[in-house]
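S.K.: Kindly produce the complete structure, drawing on both the sequences and the hints.
The chain contents come next:
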Amino acid sequence: MTVWEWGISPFVEFSFMRRALLGSLAVALGCAPIGVFLLLRRMSLMGDAMSHAILPGAAVGFLLAGMSVPALSLGGLVAGLVVALASGALSRTTDLREDASLAVFYLLSLALGVLLVSLKGSSVDLLHVLFGSVLALDDDALWLLGSITGFTLPVLVIIFRPLVIESFDPSFLRVVSRCGPWVHMTFLVLVVLNLVGGFQALGTLMAVGMMMLPAAIAQFWARSLPGMIVAAVVSAFLSDYFGLLFSYYLVLPSGPAIVLTAGSLLGLSLVFSPRRGLIARFWPRSHLEG
Amino acid sequence: MFSNRPCEVGVSLENVTLGYERHPAVHHLSGTFCEGSLTALVGPNGAGKSTLLKGLMGLLSPLGGKINRRLAPAYLPQQAELDRSFPLTVEEVATFGLWKKIGIWRPITSTLLRQVQSALDSVGLSHFAKREIGSLSGGQFQRMLFARLLLQDAPLILLDEPFTAVDERTTRDLIALVKELHKEGRTIIAVLHDLEIIRIHFSETLLLARELVAWGPTSEVLTEEYLAKARALQEAWDERAPVCARNWNAA
Numbered sequence: 002m003t004v005w006e007w008g009i010s011p012f013v014e015f016s017f018m019r020r021a022l023l024g025s026l027a028v029a030l031g032c033a034p035i036g037v038f039l040l041l042r043r044m045s046l047m048g049d050a051m052s053h054a055i056l057p058g059a060a061v062g063f064l065l066a067g068m069s070v071p072a073l074s075l076g077g078l079v080a081g082l083v084v085a086l087a088s089g090a091l092s093r094t095t096d097l098r099e100d101a102s103l104a105v106f107y108l109l110s111l112a113l114g115v116l117l118v119s120l121k122g123s124s125v126d127l128l129h130v131l132f133g134s135v136l137a138l139d140d141d142a143l144w145l146l147g148s149i150t151g152f153t154l155p156v157l158v159i160i161f162r163p164l165v166i167e168s169f170d171p172s173f174l175r176v177v178s179r180c181g182p183w184v185h186m187t188f189l190v191l192v193v194l195n196l197v198g199g200f201q202a203l204g205t206l207m208a209v210g211m212m213m214l215p216a217a218i219a220q221f222w223a224r225s226l227p228g229m230i231v232a233a234v235v236s237a238f239l240s241d242y243f244g245l246l247f248s249y250y251l252v253l254p255s256g257p258a259i260v261l262t263a264g265s266l267l268g269l270s271l272v273f274s275p276r277r278g279l280i281a282r283f284w285p286r287s288h289l290e291g
Numbered sequence: 030m031f032s033n034r035p036c037e038v039g040v041s042l043e044n045v046t047l048g049y050e051r052h053p054a055v056h057h058l059s060g061t062f063c064e065g066s067l068t069a070l071v072g073p074n075g076a077g078k079s080t081l082l083k084g085l086m087g088l089l090s091p092l093g094g095k096i097n098r099r100l101a102p103a104y105l106p107q108q109a110e111l112d113r114s115f116p117l118t119v120e121e122v123a124t125f126g127l128w129k130k131i132g133i134w135r136p137i138t139s140t141l142l143r144q145v146q147s148a149l150d151s152v153g154l155s156h157f158a159k160r161e162i163g164s165l166s167g168g169q170f171q172r173m174l175f176a177r178l179l180l181q182d183a184p185l186i187l188l189d190e191p192f193t194a195v196d197e198r199t200t201r202d203l204i205a206l207v208k209e210l211h212k213e214g215r216t217i218i219a220v221l222h223d224l225e226i227i228r229i230h231f232s233e234t235l236l237l238a239r240e241l242v243a244w245g246p247t248s249e250v251l252t253e254e255y256l257a258k259a260r261a262l263q264e265a266w267d268e269r270a271p272v273c274a275r276n277w278n279a280a
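Listed in order, the protein sequences are those of chains A and B. Counting along the first sequence from 1, when you hit position 159 you're at 160 in the numbering used here, and nothing is skipped either side. Counting along the second sequence from 1, when you hit position 215 you're at 244 in the numbering used here, and nothing is skipped either side.
Treat the hints as calculated values from the structure; they're not laboratory data. Warning: the hint list may mix true and false statements.
[What the hints assert, rightly or not] Counterexamples of contact, computed for chain B against chain A with all Cβ distances above 10 Å:
{"no.": "1", "residue": "Glu64"}
{"no.": "2", "residue": "Ser90"}
{"no.": "3", "residue": "Gly94"}
{"no.": "4", "residue": "Thr118"}
{"no.": "5", "residue": "Thr140"}
{"no.": "6", "residue": "Gln181"}
{"no.": "7", "residue": "Arg201"}
{"no.": "8", "residue": "Glu240"}
{"no.": "9", "residue": "Ala257"}
{"no.": "10", "residue": "Lys258"}
{"no.": "11", "residue": "Pro271"}
[To be verified] Listed next, with one range per pair, are the computed distances between beta-carbon atoms:
{"no.": "12", "chain 1": "B", "residue 1": "Lys129", "chain 2": "A", "residue 2": "Glu99", "range": "24 to 30 Å"}
{"no.": "13", "chain 1": "B", "residue 1": "Lys208", "chain 2": "A", "residue 2": "Pro155", "range": "44 to 50 Å"}
{"no.": "14", "chain 1": "A", "residue 1": "Arg179", "chain 2": "B", "residue 2": "Ser114", "range": "26 to 32 Å"}
Keep in mind the model is a prediction, meaning the values are calculated, not measured. For each residue, glycine too, the CB sits at the ideal point set by N, CA and C.
M.R.: What follows is the structure in structure tokens.
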């Protein structure tokens, strides 16, 4: 078997593999830039919290309509937005810090979700909600993923400048402009939207992985913000592609395979990154003159 | 001692109390920053200096009293508040200062880029435009924040410990810039610790120890008597402090 056959034939032969690749690439394109901003804002764990917050909404959708993409997504979206906006509002109006208020709301939301799932539906269904199935994406799901990414990227471009300023120096933005809270809220909406998209393709737990791991990898390879975003998208694409191949040949569940591939890329970056890698640290090149 | 000389009002404070969780950090402060004045804000740690700046900027609303600010502010934050590892270049950070001109969408034209370059020139960072901020020294970082401040072109300038953790030469350069801004008629308020610098370069001083101790010409404010009073006034945070009755007494 040639490398060409190994890398291409599964996608040529099987339409579910093509769909999986298309769907996960769409998720990567939207999630990776968001992850970079979460990382820079020191909100890496927010994605994790939000992914739990989405659960009760998805569960309600599941209870009402069964395994239907629109119902699960709509439920997840509503729950995620309620938690994001409520915790944002709570931390802005009280002394409770944003991470604390987010923790409060996502835990309540998660408890409610587990309760709802346990009311009806077997544990197999719960696993499906939690771990997703990129290998079973239908047309509806693909359209949803494509639309979310198609919405995310233009919005990110529009709010890019104030979002960067708000991430670096929020009080500066507050002094010069009133757009800070709107930019913050818009960003939270994008986080939720992309998690909902990711949870279709990879499951709630895996979706966060595709948001944060590529961003962490990007830190090892790029110095500038645009460079980091490109590096994150590229490493997310690589994880999708090779993750799906591993999952195909080794008969592994696809979501974890993709995230673990991203984890391996992170490991390689740790060793080989020219800036911060182990090799660069232990066998440094001679220093410059000035 | 209060500052009540006739002048064009830049910012006036009417019985202002600022604080957190009902505890005042700045207590019943009244007075006027004249337009075009150059004021040093002095006091022991915890005297409410940074809190007062936040109030002047509008980042913190008063627990009582009123702040009348006619002038748009620009602010130099304490360095420790910023993430030095953020992937931005010197030029990009300085460009933020053009916000009023570029807003969310407007393009950064070559004319504006020339302004950025000349601001970097005047803070002595001509050749640092493309450098990452993570590679700057403390002094260079402060110079970059000054460049951003210059580009904001604001009539009211608030500096929070601008010369802390900065070497002598940088301090000298930055003081020259501050005096330049003062000459252009801008109102400047700076939190400072070095009394020597204040005596030489700042005409007005506001001495604060949660309460106003003294406010006026520097030579009359920075006396042993007032400085001792400021130290004495600096009490600890009292968890069970009673409700302040001064408003009713005053009425």
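S.K.: Please write out, lowest number first, the hints stated earlier that are contradicted by the structure.
M.R.: 4, 6
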